[in-house]
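> Given next are the chains, with one letter for each unit.
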Amino acid sequence: MIGQFIFPTLKTLGLNTQAVLRNTSRQMSSSSNIAINDDIKVHFKCYAQGQLAFESQSLLKIPFASKLILDESNCPALKNDGVDYLIQVKCTQKDDTPQYFPQEHQLIYTDTKTGIWTSLLYDQLPFLPPGATSAPIVLIAPKIWISEQINTFVIFSNSKDSEGKNSTQSNIHLDVMSLDGKILHSATHLEKQNDNWIFDVKNALKNKIKAVHQPEHLTVVARGGASNYVITTLIKNERAGTYALEHSLSPHYYFNGDRTRVRKEALDFTGVFK
Amino acid sequence: MSLTNIIRKVLPTSMIRTVRNSLPRQFNVGAPVTQVFISTDQIHSRYSLTNFPSFFSPKSATTYQYLVTLFDPDGDTVAVKNVNVPSFGTLEIQPEKLFDVSLPEFGMIAADIQPSSKFHFADRHLGVIFPHFYAFYSSPSFESMALVHPQTSMGDQPTSNHWRSNLLINPKNLKYLELFQINPGSKAWETQLFLIDEDQNQLQESRAIMSPKSARKIHWEINPESKYLHVEATGLTGTNAKPLVFNNFKNGNFTACHS
Chain Y
2 MIGQFIFPTL KTLGLNTQAV LRNTSRQMSS SSNIAINDDI KVHFKCYAQG QLAFESQSLL
62 KIPFASKLIL DESNCPALKN DGVDYLIQVK CTQKDDTPQY FPQEHQLIYT DTKTGIWTSL
122 LYDQLPFLPP GATSAPIVLI APKIWISEQI NTFVIFSNSK DSEGKNSTQS NIHLDVMSLD
182 GKILHSATHL EKQNDNWIFD VKNALKNKIK AVHQPEHLTV VARGGASNYV ITTLIKNERA
242 GTYALEHSLS PHYYFNGDRT RVRKEALDFT GVFK
Chain Z
-4 MSLTNIIRKV LPTSMIRTVR NSLPRQFNVG APVTQVFIST DQIHSRYSLT NFPSFFSPKS
56 ATTYQYLVTL FDPDGDTVAV KNVNVPSFGT LEIQPEKLFD VSLPEFGMIA ADIQPSSKFH
116 FADRHLGVIF PHFYAFYSSP SFESMALVHP QTSMGDQPTS NHWRSNLLIN PKNLKYLELF
176 QINPGSKAWE TQLFLIDEDQ NQLQESRAIM SPKSARKIHW EINPESKYLH VEATGLTGTN
236 AKPLVFNNFK NGNFTACHS
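So the protein lines, in turn, are chains Y and Z.
Under our numbering, the final residue of the first sequence carries the number 275; numbering is consecutive throughout.
Under our numbering, the final residue of the second sequence carries the number 254; numbering is consecutive throughout.
Because the hints were derived from the structure by calculation, they are not lab data.
Here the structure is a predicted model, which is why all the values come from computation and not from measurement.
Built from N, CA and C at the ideal position, the CB exists for glycine as well.
Treat the hints with care, as some may be off.
Unchecked claim - Which chain Z residues face chain Y? A few, computed with CB under 10 Å, are given here:
#: 1; residue: PHE22
#: 2; residue: GLY25
#: 3; residue: PHE101
#: 4; residue: GLY122
#: 5; residue: SER133
#: 6; residue: GLU138
#: 7; residue: HIS144
#: 8; residue: LEU163
#: 9; residue: TYR171
#: 10; residue: PHE189
#: 11; residue: GLU193
#: 12; residue: ASN196
#: 13; residue: ASN246
#: 14; residue: THR250
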């Protein structure tokens, strides 16, 4: 069974990154989540600008009910070299069959000046079958705040299956919207495989709205892409060196109907939303 | 009894989805989604209610209405308010400004959604819609902040299972933890929370019987020399009703995340 945990380093935002990789049972209410008491084998790849820069040279293991901390001691991409990487960790349990297994892992970002950290748990992703194409994303991120002190970054981290049998690339179209639904800024990003796109909301709006003392709330909507995505939102108080961090909610959290039709209609909607 | 509940009682499960999908939108909405509410000198809450159906079904976009309900720590209703969110719009609510009543220091807040039109059929291909909304907690000066997605809905079923959080808390630089726990369900439930270190030593414990819709706050001083800490529970009030953990640093800042 396999899964992949992907995450961005955010050195260019003044943060050190640690990943706490876990091997635990999912102890929610479901009785079907029965623990498999096997080690998880870990292999990681680190990409800079979409190019493979490092990969693990020795097999790392996470014993059951334990953890493995990825940091600068065992992952060169987490050293303070000023370069941001997309890190893909392949976790294998029992055998290398393509069946997915769920496992939460933890990201910790620490401000290099203040020592204040923020943390986030999320599940590893499945690998796509060879030749398959990821469905495009439809992101609603009503969690943007900007002010004189505060900025928000929406971070798109994508991992294309390392088998390399599919080279489909696609644009992501992004809109920053006011609370009354007006588009304040639009951007189109050509997806680069195995890379991060760090979208700086305040910079995008610098000539369009004046950031004032009280934070202004905005929404980011993004559509497109053809890869496995982890999308996180980081709110930063640039004066205090403090942060808030959360992952996105994919569309199935909001509705349980026809996702194929919804995705098509959202992608085909070429007009401005309002 | 609401039409939705009558449908649930009368029809076989296999037919419920078909029937609900043929009715106007307001009969095909999931349970109200819940979050922790906090209003203290140190922590303010604001919430983001978005008209998500319009983004997922842009050709049939319409104004949606949220019904926002605030409960006090005992689970009693403090205030209820309807707010409209236009197509492709989002509404930021701050309970201190939304409600004209005295607010508790903490509690549970719930959001329900329905279209402003009683006969809105156009986005029925969305199936059941679920009014997820984000919480943004901050200090008054925004020097501390936390962004949290919802994890629970009204009527969630509690569990007696033992649960262990995957969140490891590094106590270095921390002074204390504050945990907020809500019971979104419809029955009182006994719950125990534990703070455990890496050697499986139990450092703290807190037990309560939580009334429906109630909330509680737990304050745990910690030793910064401790090894990594994590939270465990016996008896969660909902399937995913994991406590919200505020990490309070020595310098007065905080961060928070779901556990």
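> Next step is simple, just say for each hint if it's right about the structure.
Against the structure, the hints come out as follows:
Proximity of Z:PHE22 to chain Y is violated relative to the hint, the smallest CB-CB distance being about 14 Å (cut-off 10 Å). Annotation: Z:GLY25 was flagged as interfacial toward chain Y, and the flag holds, the nearest CB pair being 8 Å apart, inside 10 Å. For Z:PHE101, the interface hint is violated, since its Cβ never comes within 10 Å of a Cβ in chain Y; the closest pair sits about 19 Å apart. At about 3 Å, the closest approach between the beta carbon of Z:GLY122 and any beta carbon in chain Y falls short of 10 Å, and the interface hint on this residue holds.
Among the interface hints, the one on Z:SER133 holds; its C-beta lies about 8 Å from the nearest C-beta in chain Y, closer than the 10 Å criterion. Below 10 Å, beta-carbon pairs count as interface contacts, and Z:GLU138 has one with chain Y at about 4 Å; its hint therefore holds. With its C-beta approaching chain Y no nearer than about 6 Å, Z:HIS144 sits inside the 10 Å limit, and its interface hint holds. Proximity of Z:LEU163 to chain Y holds as hinted, the smallest CB-CB distance being about 5 Å (cut-off 10 Å).
Nearest Cβ of chain Y to the Cβ of Z:TYR171: about 15 Å, over the 10 Å cut. The hint is violated. Hint status for Z:PHE189 relative to chain Y: violated, with the closest Cβ pair at about 14 Å, above 10 Å. The beta carbon of Z:GLU193 is positioned within 10 Å of a beta carbon in chain Y (closest approach about 9 Å), and the interface hint is therefore held. Against a cut-off of 10 Å between C-beta atoms, the interface hint on Z:ASN196 is violated, since the closest Cβ of chain Y lies about 16 Å away.
Interface hint at Z:ASN246: satisfied, since its Cβ lies 8 Å from the closest Cβ of chain Y, which is below the 10 Å cut-off. For Z:THR250, the interface hint holds, since its Cβ comes within 10 Å of a Cβ in chain Y; the closest pair sits about 5 Å apart.
Hint compliance for this structure: hints 1, 3, 9, 10, 12 are not met, and every other hint is.
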